[in-house]
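What follows is the residue order along each chain.
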Amino acid sequence: MLKVENLCAGYSGDDAVRGISIEVAEGSCVALVGANGAGKSTLVKSLCGLIVPRRGSVFFCGENISALPASEVARRGISLCPEGRHVFVPLSVEENLLLGAYPRLPSFGRFRRAASGDLQHLYEMFPRLGERRSQQAGSLSGGEQQMLAIGRVLMARPRLVVLDEPSMGLAPMLVKEVFKAISSLRTAGMTILLSEQFANSALAVSDRAYIIERGSVVLEGASAALAKNPAVMAAYLG
Amino acid sequence: MNTEFLALAQMAVGGGLMGMAYALVAYGFQLTHAAGKAVNFGQGELVMLGAFAGLSLSTAALPYWVSVSGAMAVGAALGWFVERTAVRLALQQRNEGWILLTIIVGLFAVSAAENIWGREDKPFPTPWPEGALEFFGISVTWPELAIAAGALGIMTLVELAKRYTMAGIAVQAVSADQDAAELCGIRSRSAISLSWAISGMSAAFAGTIIAPVTTVGPTMAASLTLKAFSVAVVAGLDSSFGLLLAGIALGATENISGFLLGSGWREAPGLILLILALALRPQGLFGKKIIRKV
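Quick note, the sequences are listed as chains S and R, same order. Residue numbers are given in this note's numbering: position 118 of the first sequence equals residue 120, and the series is strictly consecutive. Residue numbers are given in this note's numbering: position 132 of the second sequence equals residue 125, and the series is strictly consecutive.
Everything labelled a hint here was simulated from the structure, so no lab data went into it. Just to be clear, a hint being listed does not mean it is correct.
Sample of chain R residues lacking proximity to chain S, with all beta carbon distances greater than 12 Å (derived) [to be verified]:
(1) S104
(2) I109
(3) V133
(4) L271
Here are some, though not all, of the chain S residues that point toward chain R, as calculated from beta-carbon distances under 8 Å [as the list claims (entries may be wrong)]:
(5) C63
(6) N66
(7) L82
(8) F90
(9) P92
(10) E97
(11) P105
(12) F110
(13) R154
Ranges of calculated distance between the beta carbons of each label pair, as one might list FRET restraints [stated by the list, open to error]:
(14) R:L153 x S:R57: 43 to 53 Å
(15) R:F234 x S:G140: 13 to 23 Å
(16) R:G257 x S:G86: 29 to 39 Å
Note that the structure is a prediction, hence the values are computed from the model and not measured. Virtual Cβ for every residue (Gly too), placed ideally from N, Cα, C.
Model the full structure from these sequences, guided by the hints.
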């Protein structure tokens, strides 16, 4: 479904991503595991169109999407839940969720009705968001904001969900909750690309994984096998 | 004593009503700054061009409301044009060239207006009745009332559209976090263009409601950009209600100081307000820009 070939990207100066190739098959959950600064976020941002890659290409469902702006990538079905959540702080919880579904809602007219089915489904999944639907997103706790960011992604009815560091900055109990949500998405048949520092949790929830160090893939394979690999576990206790 | 007080009150009310037009022009600053982090320093010239467009349409014997709508359409097109020609490229290159470029577009607009419509000031026809209304001894003319109603009406309409249409919520999302908005499939460039078009539209509309009071001429906007800018800086960037208050206050004080100190001092309060605001409230219009994320 997603195929990244020999991608090089970075903000300025040195490339943070140095020739990475990865693949995500439809219906699978793939993890990118690596320490902070390994280049995971740069990789994820450049495949979603937020950064223009210097070299290499990104294919999604057979189409080369490497030169497209982020809004066009999103409209093709890749939804990124960005690192640091990036909810729309001044807007309400429900407005945040509606924005997730923006491309298929009418710009003028009855957008709330058009999205009511999806909203209801989402509030069943995350009851806390339902309780706080008219509250400002900025007033939510970190964990709730993460749920909102994931909810916003799901409102897009994505073909591929990309989660960038969903556990960042959360208390251990909330991290557990986030991973529970991810594994339920996976059982629902969603295709997921997950970038994560916590190797244990990431390998437990995924089918395949790539271990990334200093902008390159150093190991790849089935997550279950990587979880038993002593070299991985020694490098990424967590 | 009483007649003097009445004269002052008359000045304050007349100035305050005109001040609502300043607020409307300042609202145009607020709209484009929220979405695209830039403002049009030729906004006053858009007001002037809007007034001329309305005048030309009504001399072509079109009804008043059609002329005003036509002027608003012209203003929207001009606002869009300024963003595309003078602002977008500079912002993409992360420089502040848009400041000078929008001023240049404004200067160009003045010369164009002199060539097309001539230098002299012209009256702007309206369908409002002659004469004035009196409230407690203070007289208010119909064109002045039209300024208040028009400014309030347009700002209310735009604010409602921002809150209750998906397009409006999307523009708010782009203001709040442009990258996250793009990730939701919102084309942020279109949202910014839309804000500039609406900003231009409100400037042109301001022209059609100011002109009946001040007459139309190429230099009618000369001090308007500065006044609206003072209003925007004083009121801050979030509240359209604050803009109205600041606009009314500025309009009233400049009229009163012109009355008490002589007409040469009319412009002084605006400048003093601007200097004070920049000194005491550096988190105003430009404070935001300095801490802009790169």
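Against the structure, the hints come out as follows:
Every C-beta of chain S lies more than 12 Å from that of S104 of chain R, the closest at about 37 Å, which supports listing it as non-interface. Every CB of chain S lies more than 12 Å from the CB of I109 of chain R, the least distance being 35 Å, so the non-interface label holds. No Cβ of chain S approaches the Cβ of V133 of chain R within 12 Å, the least distance being about 36 Å, so the stated non-interface status holds. Against chain S, the non-interface label of L271 of chain R holds: every CB pair exceeds 12 Å, the least being about 25 Å.
About 16 Å separates the beta-carbon of C63 of chain S from the nearest beta-carbon of chain R, more than 8 Å, and the hint is not met. With a cut of 8 Å, the hint placing N66 of chain S at the interface with chain R is violated, because the nearest CB-to-CB distance is about 19 Å. At about 5 Å, the closest approach between the beta carbon of L82 of chain S and any beta carbon in chain R falls short of 8 Å, and the interface hint on this residue holds. Below 8 Å, beta-carbon pairs count as interface contacts, and F90 of chain S has one with chain R at about 4 Å; its hint therefore holds.
With 8 Å as the threshold, the beta carbon of P92 of chain S comes within range of chain R, its nearest partner Cβ sitting at about 5 Å, so the hint holds. Because the beta carbon of E97 of chain S sits about 5 Å from the nearest beta carbon in chain R, less than 8 Å, this interface hint is met. Checking P105 of chain S against chain R by beta carbon gives a least distance of about 4 Å; that is within 8 Å, so the hint holds. The beta carbon of F110 of chain S comes within 5 Å of a beta carbon in chain R, closer than 8 Å, and the hint placing it at the interface holds.
Interface hint at R154 of chain S: satisfied, since its Cβ lies 7 Å from the closest Cβ of chain R, which is below the 8 Å cut-off. Our hint of 43 to 53 Å for L153 of chain R and R57 of chain S holds, since their Cβ atoms are close to 48 Å apart. At about 21 Å, the beta-carbon gap between F234 of chain R and G140 of chain S stays in the expected band of 13 to 23 Å. A hinted range of 29 to 39 Å for the beta carbons of G257 of chain R and G86 of chain S is inconsistent with their spacing of about 55 Å.
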